[in-house]
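Going line by line, the protein sequences match chains A and B.
Using UniProt numbering, the first residue of the first sequence is number 1, and each one after it goes up by one.
Using UniProt numbering, the first residue of the second sequence is number 1, and each one after it goes up by one.
For the record, the hints were derived by calculation from the structure and aren't laboratory data.
Keeping only pairs whose Cα atoms sit at most 20 Å apart, straight-line, the calculated DMTMM-like set for lysine to aspartate or glutamate is:
{"no.": "1", "chain 1": "B", "residue 1": "Lys371", "chain 2": "B", "residue 2": "Asp341"}
{"no.": "2", "chain 1": "B", "residue 1": "Lys322", "chain 2": "B", "residue 2": "Glu356"}
{"no.": "3", "chain 1": "A", "residue 1": "Lys151", "chain 2": "B", "residue 2": "Asp382"}
{"no.": "4", "chain 1": "A", "residue 1": "Lys110", "chain 2": "B", "residue 2": "Glu396"}
{"no.": "5", "chain 1": "B", "residue 1": "Lys322", "chain 2": "B", "residue 2": "Asp292"}
{"no.": "6", "chain 1": "A", "residue 1": "Lys122", "chain 2": "A", "residue 2": "Glu135"}
{"no.": "7", "chain 1": "B", "residue 1": "Lys360", "chain 2": "B", "residue 2": "Asp64"}
{"no.": "8", "chain 1": "A", "residue 1": "Lys151", "chain 2": "A", "residue 2": "Asp136"}
{"no.": "9", "chain 1": "B", "residue 1": "Lys360", "chain 2": "B", "residue 2": "Glu58"}
{"no.": "10", "chain 1": "B", "residue 1": "Lys322", "chain 2": "B", "residue 2": "Asp358"}
{"no.": "11", "chain 1": "A", "residue 1": "Lys139", "chain 2": "B", "residue 2": "Glu410"}
{"no.": "12", "chain 1": "A", "residue 1": "Lys139", "chain 2": "B", "residue 2": "Glu413"}
{"no.": "13", "chain 1": "A", "residue 1": "Lys18", "chain 2": "A", "residue 2": "Glu51"}
{"no.": "14", "chain 1": "A", "residue 1": "Lys139", "chain 2": "B", "residue 2": "Glu418"}
{"no.": "15", "chain 1": "A", "residue 1": "Lys182", "chain 2": "A", "residue 2": "Asp209"}
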Amino acid sequence: MLKIEGLRAEVEGKEILKGIDLEVPAGEIHAIMGPNGSGKSTLSYVLAGREGYEITGGAVSFHGQDLLAMEPEERAAAGLFLAFQYPVELPGVGNANFLRTALNAIRRSKGEPELDAMQFLKVARARMKALSMPEDMLKRGVNVGFSGGEKKRNEVLQMALLNPGMAILDETDSGLDIDALKIVADGVNAMRGPAFSSLVITHYQRLLDYIVPDKVHVLMGGRIVQTGGPELAHQLEASGYGSVQAA
Amino acid sequence: MNALMEHNASEAGAAGFLHRFEGLRERLPGQGLPWLASLRARAAEAFRAQGFPTRKVEAWRYTDLAPLTQAGFGEPLTPVDGALVLPRSAAPKRLVFVDGRFREDLSDEGSPARSLARHLPEAEGLLGSIARIDDLPLVALNTALFEDGALIDLGEGVDGGVVEILSVTSAGRPVAAHPRHLVRLAAGARLVLIERAWSAEQDPAEGEGRYLHSPVWEFVVGEDAHVTHARLQQEGRAGLHLATTFARVKASGTYDSFLLHAGARLSRSEAHVTLAGPRAAAHLNGAQLLGDGQHGDCTTFLDHAAPDCPSRQTVKTVLAGKSRGVFQGKIHVHQVAQRTDGYQMNQALLLSDQAEIDSKPQLEIYADDVKCSHGATVGELDESQLFYLRARGIPEGVARSMLIEAFLLEAVEGVADEAARAALAEVVAGSWERLA
Numbered sequence: 001m002l003k004i005e006g007l008r009a010e011v012e013g014k015e016i017l018k019g020i021d022l023e024v025p026a027g028e029i030h031a032i033m034g035p036n037g038s039g040k041s042t043l044s045y046v047l048a049g050r051e052g053y054e055i056t057g058g059a060v061s062f063h064g065q066d067l068l069a070m071e072p073e074e075r076a077a078a079g080l081f082l083a084f085q086y087p088v089e090l091p092g093v094g095n096a097n098f099l100r101t102a103l104n105a106i107r108r109s110k111g112e113p114e115l116d117a118m119q120f121l122k123v124a125r126a127r128m129k130a131l132s133m134p135e136d137m138l139k140r141g142v143n144v145g146f147s148g149g150e151k152k153r154n155e156v157l158q159m160a161l162l163n164p165g166m167a168i169l170d171e172t173d174s175g176l177d178i179d180a181l182k183i184v185a186d187g188v189n190a191m192r193g194p195a196f197s198s199l200v201i202t203h204y205q206r207l208l209d210y211i212v213p214d215k216v217h218v219l220m221g222g223r224i225v226q227t228g229g230p231e232l233a234h235q236l237e238a239s240g241y242g243s244v245q246a247a
Numbered sequence: 001m002n003a004l005m006e007h008n009a010s011e012a013g014a015a016g017f018l019h020r021f022e023g024l025r026e027r028l029p030g031q032g033l034p035w036l037a038s039l040r041a042r043a044a045e046a047f048r049a050q051g052f053p054t055r056k057v058e059a060w061r062y063t064d065l066a067p068l069t070q071a072g073f074g075e076p077l078t079p080v081d082g083a084l085v086l087p088r089s090a091a092p093k094r095l096v097f098v099d100g101r102f103r104e105d106l107s108d109e110g111s112p113a114r115s116l117a118r119h120l121p122e123a124e125g126l127l128g129s130i131a132r133i134d135d136l137p138l139v140a141l142n143t144a145l146f147e148d149g150a151l152i153d154l155g156e157g158v159d160g161g162v163v164e165i166l167s168v169t170s171a172g173r174p175v176a177a178h179p180r181h182l183v184r185l186a187a188g189a190r191l192v193l194i195e196r197a198w199s200a201e202q203d204p205a206e207g208e209g210r211y212l213h214s215p216v217w218e219f220v221v222g223e224d225a226h227v228t229h230a231r232l233q234q235e236g237r238a239g240l241h242l243a244t245t246f247a248r249v250k251a252s253g254t255y256d257s258f259l260l261h262a263g264a265r266l267s268r269s270e271a272h273v274t275l276a277g278p279r280a281a282a283h284l285n286g287a288q289l290l291g292d293g294q295h296g297d298c299t300t301f302l303d304h305a306a307p308d309c310p311s312r313q314t315v316k317t318v319l320a321g322k323s324r325g326v327f328q329g330k331i332h333v334h335q336v337a338q339r340t341d342g343y344q345m346n347q348a349l350l351l352s353d354q355a356e357i358d359s360k361p362q363l364e365i366y367a368d369d370v371k372c373s374h375g376a377t378v379g380e381l382d383e384s385q386l387f388y389l390r391a392r393g394i395p396e397g398v399a400r401s402m403l404i405e406a407f408l409l410e411a412v413e414g415v416a417d418e419a420a421r422a423a424l425a426e427v428v429a430g431s432w433e434r435l436a
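The following block holds chain B by itself, in its conformation from the complex (with noise of 0.2 Å):
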């Protein structure tokens, strides 16, 4: 496609969701609140003014949005109420989205987590404060049609324990849903947050099952507080993927995430991760399972805006098929933050020599007291590996899941929460056995 095609492509795209905000705008959660409807009015402007992102904007350069711009997608305020089948919890409490809208009747009672539509109110200062619109329009688009998401407001002090936050798309119909959740932990809180993007349709038929799932995090953490981020994209096979997670870490607080694409025709999930107060910490960790047809795109921000922080990134990308894999890892150090302490690695398993991966390391380094380290690998399986576990019996197609688990699960293993880290695992070991 030529540059001109796709720009057009792309302003069709952006004009067929203006439209829809025009139609729903009166219908949109938080009518009574001044402070959102600008700020929702605002939001479509800048969408407007920016439209979808084209390759031609650097950090768009590896991820092409066409299945995005040129498709439409329908109505999202239609609700479904039948009954749906869902994962397993891997937390004692959840709420569920389906479509982008609270599920009550599925979620459970006395969850840290609540409806954010139904408390739009105490969002006030809260929503938007950290996330940014100017410049990235998927984040405008989301803040201008939000109907609701997870509303996380933790106490000075109070452990939050462990929530799932479960977005189901019913596939079956084209819905675009741009879920928005808030998490806010005041000073010494702490939560284990297990994200979970699901479709009730995890295999559709050829041409179908076509949905948009299009959510942004803002996370506020306080001082000394701590926050795991488990992050489980299971979206159908042709479902669109684009998540935006913006986090504000406080000194000595935590922000733990990890990040595994499993799913969708397309993903990406793009981190803008502040370190803002003296020994703030980052843990930007993830894993890629692409299989034919499949597009997966991580992309991380992490600024180093405060003396003494630590932060750690260890991506991993399994390819088959003719499948692409993207990883972005911007670090910028400010001059402020001297002894930062930053690693960054990101390593891709190619199986197939019809993959493709992208992968950009970024350091931006103003501190002179710095330890930053960042190295990239790609590679195939090792064949004395597989030799080894052959002459020992294990049948090959059983020893190439048995080294792609081992690769993925290394980076499984630095998360430091043992739900999250097991709720990871289990995902993985259910998602390699397709890709071996």
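Just chain A, same shape as in the assembly (with noise of 0.2 Å):
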């Protein structure tokens, strides 16, 4: 589904991602565990589109598209998803109409009919019941005054709603308690299914009890250095980033 083939991208002239190779097939769940400073939110910013890394090698396909050739939205609508480490405030942007225009530019692009704001009402009540949200978190500004856990239990409300193929999620258990961490896991884990596939972009082994995932990789200095089964996160966990640059 997604292939990930030498990529080499530069922020501001200097290199972070040094040639990544990562293939995800269709169904499945990957990690990708690194210390800080290795390019691990570089390489999900790529991915999704943002300005101002260049990319200097490298190919990427999703779905068979040239994914770096796309419009952050035209990803999105091909059904690339990422769940932001920081989500953005956007004072003034009611929550239910970003995720109902969300939404529907999503439906729009696949042909679908556009949801009303009843119809739209109805589907976004209740997986947000799923999630544990209030429902005052739809009359909101996008994400203003949300505390961290309910901002990332937002994103992943949206990635509900959105029903991606592709799902990069960012640090998503940053900043979350323990309940909360098992909220969004849920919510990951209820998409699972063989339409479905997500990098999960973690510092620490904790989410991945939860989120079990099918292979982990190991990203230091802007490449994968090692690649394994759900085992390697435990053994990292034990022994340290240390353990795999001394290998």
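Relying on the hints, combine the two individually framed chains into one complex.
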């Protein structure tokens, strides 16, 4: 589903990604672990199409399409979703209006009919209940005044509504207590299936106890330096990233 | 243009208007009222002495009236009788003026608003009671030349409901209209006023549709009386809109205004508000949506002349293409005005590198126990916000529109009255798309 080959990228002239090779087949969940500054967030932004990153080499295909040639909204329409590490606050943009506009944009691109306000509310309320989100979060500005946990839950709500084929979770576990972590993990696990893939980026192994990955990749210094099964996350937790470097 | 030419052009323009006054004075309404005839004569003289303001005057540093002074404007007294397409009314009662003239056939019966020209004797002592002509030439010109306007005089405790005053310019000819509107609320009275300035020709062809609409408003707000003044400036794109508003608020009264500049080639709305009794309050909020070739100027003078008065001012400007926005906000806190609580914020969003915003807050404080804050920001659309929306599949154009609308609506949210807020939000929602 997602195939990254020799991807290199620079930020302000500094090379951050130094040749990434990674393939996530349909239906699989892969974890990317790595220390701070290894290029985890850069990878997620490059895949989602944020400006300010210069691609200096390599290719990314998504469902066989050239992902890097697409605008961010085209990538989203094609089924790529990024759950932000730091969800952005949008004062004055109501959360319900935002969610409905996004959902209808995606539906339109798939040739599905748009949802009116009532139809949307029905769908959104059901999803929010599953994520233990209070309903008044629909009325507030997007992420405005949300706690860290609420912002992350709002990301998972967006994912559940937009129903992407590929979700990149960028440190979605950071700042979450154990209850919120379980809720978020349940939200991701509920989407698992043959048509859903995910790239779970995390610093810690903790999240992977709840979202058990098919594969774990270690990203260091802008390269994937090791790949293994779920047991690799536990090894890293026990011995730290230093052991990988030594190897 | 050098200073000398500017001065000459201004004189030439002023002379044209004075010439018109001489030609019209026998036909202007209120001939039988000596107080009015003498007021008009004094106003004409005050205008003659001052001429149009030039950029050498500090309050006009950022707004150049050359498009006005260099142009010729025609006879305003010719009535327009034909059918007109009007915008949908935002209020149950509406008074309609076309080219400055009252149109009874288009107006609602039984509105608390009436034609000033038909009830001029009642305006004695009210007209000109707070408007200044000696240092404000546009107000002097209006006083000399006004033909009509709205008269709203609410007695003690009367609730005037929601009223719209619609000023339409027929366009197609370069008319000049100087309507005069008078609003008086006795103690405890209430009124929601939606003022709309509109052109029958919103998008005229190049070089056409030029006109001048220069209204003056006087609001006398009694004790514990509350007035909402929602102003929708939707003039045609070649129109000139030069408005001056005066408000004087007694103890515990409120003047709650919101100004929207959306149309016109050149618009300036100047407000002079005096908080004259304890706990009197003023809101002078606004938004300007300026596209290519537009100039919008929001200028306010707020006088805190009594203790314990709050004032709130949030003005937002969105600028696209080659446009220019001006915000000037002066707050004068008199020595007697202890425990003043003043807040002023103005923010600009620049969508183009050819747009320009000039912002001049001015605080003059003579009392010692005062809370006054002000701030100003100028910025572009936030890249991270834009990316967040696009990453959710929202096309860039829509994403930009959403962020611009959010920026503007934050200012509208402060409007307490629901009908006024809805009317403003509707115009904002219809306007930002052309800027995005």
